[in-house]
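**Student:** Construct the entire structure; sequences and hints are all you get.
Chains as they are written, first to last, in my numbering: chain A, 132 to 537; chain B, 351 to 471.
Please keep in mind that the hints were generated in silico from the structure rather than gathered at the bench. Careful, some of the hints might be misleading.
Stated by the list, open to error - A short, non-exhaustive set of chain A residues, derived as facing chain B with CB atoms under 8 Å:
#1 217
#2 258
#3 260
#4 312
#5 315
#6 318
Claimed, not checked - Straight line, CA to CA, 16 Å or less: simulated EDC-like cross-link-like pairs of lysine to aspartate or glutamate:
#7 A:154 / B:458
#8 A:254 / B:392
#9 A:156 / B:420
#10 A:254 / B:458
#11 B:427 / B:365
#12 A:336 / A:397
#13 A:154 / B:420
Here a beta-carbon is modelled for each residue, glycine too, at the ideal position from N, C-alpha and C.
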Amino acid sequence: MFSLVHCPDFFVQCERIFRPELKDKILVISSNQSSEDSRVIACSPQARALGFMPGDRCCDLAELIRHHSVILSEPNYELYADLSARFIRSLTLLNPTTSAYAYDCCFVKLNRIEADSLVKTLKQWLGLSFVVALAPNQTLTGLACHAAQQFDEYQSVVDLCHHQERKALLSRISITDIHGINKITAAQLNKINIGTALELSETSKARIRRYTSPMVEQIAIELAGLRDSELEIGVGISEPVSTIVNTVDGCSLADLKIALKTMLNDAVGRLQTAQAACKSITVCAHISPLNACAPSYQHTLSTSLSKPNSSSNAIQTLAFGLLERLWNESYHYVALQLKLEGLPVAETKQLGLFAEQPRPYKNLGSAIPVVLETRFRSQACDTQRIRRPSSSLAPTTRWSDVLRVS
Amino acid sequence: MNMISTCDDYSESTEALDLNQLCIQHPTATYFVRASGDSMLDAGIHCDDILVVDRSLSARDGDIVVASLDHSFTVKKLELGQQTRLVPMNNCDQDYQATIIHDSSIFDVFGVVTYVVHAIR
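**Tutor:** Pasting the structure below:
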C-alpha cells in the first residue's frame with residue numbers, strides 16, 4: 132500500500148504562517164513584480180477559483196486583481212526551502228520509512244489510524260496543513276490528494292484502499308485530472324467514450340492499448356486498484372533503494388522497453404530527490420507461471436556501476452542492455468521488476484542558534500526558480516529568467532528577518 | 351608519565367558543550383523571534399531579546415507564549431481558566447492590561463517560549 136503525505140498549496144501556506152493577516156485573503160505569489168513579465172508562481176484556492184493559474188501573466192489579470200483585492204506577494208524561496216527541510220525531517224523523525232519525493236510530499240508506510248495522528252502532529256509542529264492519501268498504487272494516491280483539494284467532503288486523510296470508496300471517487304474525476312494523461316491522450320480516449328477515471332478503469336486493456344499506449348493501459352490497471360505494490364520505500368532519506376514492479380502483458384521487446392522506461396523515470400527521480408547516485412541496477416522479467424511452454428522462473432540480471440552515476444540516460448542504457456539480454460521471443464512476460472540502489476546521502480543539520488552550521492537544503496532555494504522557469508518555457512512563454520527577489524523575507528534563516536513580537 | 355597520552359584517551363569521546371542541545375529540544379518545530387517593547391519585563395524579556403519558541407509543546411496555563419491575535423503576533427503569559435487571557439508582565443507600567451480572548455477573536459498560539467537569549471554586552 133502507498134501512503135503519500137502532501138502539503139497542498141505549500142508556498143501559500145508558508146507565507147501565511149508568518150503573516151497571519153494573509154489568512155483569509157486571496158493570495159497570489161508572483162515573480163518579478165517590478166517588471167511587465169510578472170508571472171503567477173502559486174496561488175491560494177480562492178485565487179484558483181477566480182481563474183488564476185501558475186504561469187499566467189499578472190498584467191493580463193490586472194482587472195481581476197483590482198476587482199477582487201487580490202494580494203500579490205513576492206516569493207520567499209529561502210523560507211520555503213527551510214520549511215520543506217523541516218517537514219521532511221519531522222516526518223522522518225515520526226516515521227523512519229519516509230522517502231522524500233518532492234519538496235512538498237513524501238511517501239511513508241503507515242495505516243489509517245497513524246495517518247490521523249500524523250496530520251495533527253505535523254500541523255502543530257509546522258503550522259502547515261497536510262493531506263495523507265492511502266491507496267494501493269501511485270496513480271490512486273495522486274488522485275486521492277487531488278480529491279482532498281477539490282471536494283469538500285474529503286478531509287485530510289483520504290483512504291482509497293477499499294473498492295467502494297475508489298469507485299465513488301473515480302466516477303467524479305475527469306481523465307484530464309489524471310497525472311500522465313495529456314490533452315492528446317484525453318482526446319483519444321474521448322473518441323472511445325471514456326471521459327471519467329471510472330470509465331477508464333472499467334475499459335478492457337486491449338481496447339485502451341489499441342487506441343492509446345501501454346502507459347495509459349498501466350494507468351487504467353492502477354485505477355482499477357491493482358497493486359503496484361512492490362515499490363519499496365528506501366529507509367529514511369539516507370539509504371535510497373528504489374524498487375518498482377510493473378505488470379506487463381506481451382512478448383515484444385519494444386513494449387517491454389516502453390514499460391521499463393516509465394519505471395526508470397520514476398526510480399531515477401526518487402534517487403535524484405534523495406540526492407543519491409545509482410550504484411547498481413537489477414532487472415527481472417517475470418514469466419507467467421501458467422505458461423505451459425516455458426518453465427516458471429524469474430530471470431534476473433544485475434550490473435554494478437564502476438562509478439556511481441545519476442545520469443538518467445546512462446542508467447537507461449544499462450537497464451535496456453540488461454533487458455535485451457534477458458528477453459526471449461518465445462516467452463510471454465507478465466511483470467518487470469526494476470531495482471536501483473543508490474549511495475547514501477550526507478547527513479544534514481538544522482540551523483542552530485549559536486553555531487554556524489551548513490544549510491540542509493541550501494540548493495533548494497536556487498532550484499525552485501529553475502523548476503518554475505522550465506514550466507514556463509514549456510508553455511511557450513517569454514524566456515526571461517526569473518530573478519530571485521531582493522525583497523524576500525527569510526524569518527527562519529536570517530537574523531535580520533526574524534519575526535518581531537511585542 | 352606522559353600527560354598528553356592520558357588526555358588522548360578522552361579526546362575522541364568528549365564533545366564541547368553545545369547551547370543548541372540545551373536550548374533546542376525539537377529542532378524542526380523550534381523558531382526564533384525577537385521581542386520588542388517592555389510588556390514582559392517581569393518575565394525577564396527585554397526589548398531585542400531572542401525568544402526560543404517551541405511549537406511542539408502544548409501550551410499550559412502560565413506558559414509564556416507567542417500568539418497571533420487578530421492577525422498580529424504578541425508575546426504574553428497565557429492564562430487558561432474560566433476565561434482565556436493573554437497577560438502582560440510589567441507591574442511598573444499600568445498601561446499594559448490583560449486581553450480576554452473571546453470566541454469571536456481570531457486567536458492562535460504560535461508556540462511556547464522556552465528560553466530567552468539576552469545580550470548584556
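**Student:** Does each hint fit the structure? Answer for all of them.
**Tutor:** Consistency of the hints with the structure:
The beta carbon of residue 217 (chain A) comes within 4 Å of a beta carbon in chain B, closer than 8 Å, and the hint placing it at the interface holds. Restraint check, residue 258 (chain A) versus chain B: the minimum CB separation of about 7 Å is within 8 Å; hint holds. Because the smallest distance between the Cβ of residue 260 (chain A) and any Cβ of chain B comes to about 13 Å, over 8 Å, the interface hint for this residue is violated. Violation of the interface hint for residue 312 (chain A) is found here, the shortest Cβ-Cβ separation to chain B being roughly 37 Å, above the 8 Å cut-off.
A cut of 8 Å between beta carbons decides the hint on residue 315 (chain A): the least distance to chain B is about 43 Å, and the hint is violated. Annotation: residue 318 (chain A) was flagged as interfacial toward chain B, and the flag is violated, the nearest CB pair being 46 Å apart, outside 8 Å. The suggested pairing of residue 154 (chain A) with residue 458 (chain B) holds, with an alpha-carbon distance near 12 Å, which does not exceed 16 Å. Restraint check for residue 254 (chain A) and residue 392 (chain B): not satisfied, since their Cα atoms lie roughly 32 Å apart, outside the 16 Å limit.
Taking the CA atoms of residue 156 (chain A) and residue 420 (chain B), the gap is about 14 Å. The hint holds against a cut of 16 Å. Annotation: proposed proximity of residue 254 (chain A) to residue 458 (chain B) holds, straight-line Cα distance about 12 Å (limit 16 Å). Straight-line distance between C-alpha atoms of residue 427 (chain B) and residue 365 (chain B) comes to about 36 Å, which puts the hinted pair past the 16 Å bound. Taking the CA atoms of residue 336 (chain A) and residue 397 (chain A), the gap is near 22 Å; set against the 16 Å cutoff, the hint is violated.
This hinted pair checks out: residue 154 (chain A) and residue 420 (chain B) have alpha carbons roughly 11 Å apart, not beyond 16 Å.
Violated hints, in rising order: 3, 4, 5, 6, 8, 11 and 12; the structure is consistent with all others.
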